Amino acid sequence: MKRIGYFQFKPVLGNPGENRKVIAESLNGVEADLIVLPELAFTGYSMTDRNAVLKLAENPADSLSVTMLTGLCAAGNFHVVAGFAEKAGDKLYNSAILVGSDGLVA
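Read left to right, the sequence shown gives residues 8 to 113 (our numbering).
Hints are computed from structural coordinates only; laboratory data are not their basis. Here the structure is a predicted model, which means the values were calculated and not measured. Hints may contain errors.
Just the calculated beta-carbon pair ranges, DEER-fashion [what the hints assert, rightly or not]:
no. : residue 1 : residue 2 : range
1   : R10       : K62       : 32 to 38 angstroms
2   : K9        : D97       : 36 to 42 angstroms
3   : G12       : T74       : 20 to 26 angstroms
4   : G110      : V37       : 16 to 22 angstroms
5   : L20       : G78       : 23 to 29 angstroms
Distance condition first, Cα-Cα at most 20 angstroms in a straight line; then the derived SDA-like pairs of lysine to any residue [unchecked claim]:
no. : residue 1 : residue 2
6   : K94       : L111
7   : K98       : G21
8   : K94       : E65
9   : K28       : E65
10  : K94       : T55
11  : K9        : A82
12  : K28       : Q15
13  : K9        : L105
14  : K9        : A39
15  : K17       : Y52
16  : K17       : L63
17  : K62       : E46
18  : K62       : M75
19  : K62       : V19
20  : K98       : P67
21  : K62       : Y52
22  : K94       : N22
23  : K94       : L61
Idealized CB from N, CA, C, for every residue including glycine.
With the hints as extra help, turn the sequences into a complete structure.
Here you go:
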């Protein structure tokens, strides 16, 4: 049987570093196969300024957030689905990512 959990918290708007810290501290030692994080877990929600979002959004291929999740997944032997502000050139997406112990899965 697979164990699925979620971590609900209120991400600090515009502060990915603090949000990564909260996620890392909260998921340390969790026993689950899959953990689901909130929408826009790293950047916070309700940004209205496109330029502010562009500064905070990440490319999943070289993301500090994905790197942090990869380490957590490797240590805890689980996968994480997270809401993610994705940047691809000048385009922005409200995406979901799946991360495991080997990094970005999807």
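Checklist entry - Of the numbered hints stated previously, which ones are contradicted by the structure, given in increasing order? => result Every hint satisfied by this model.
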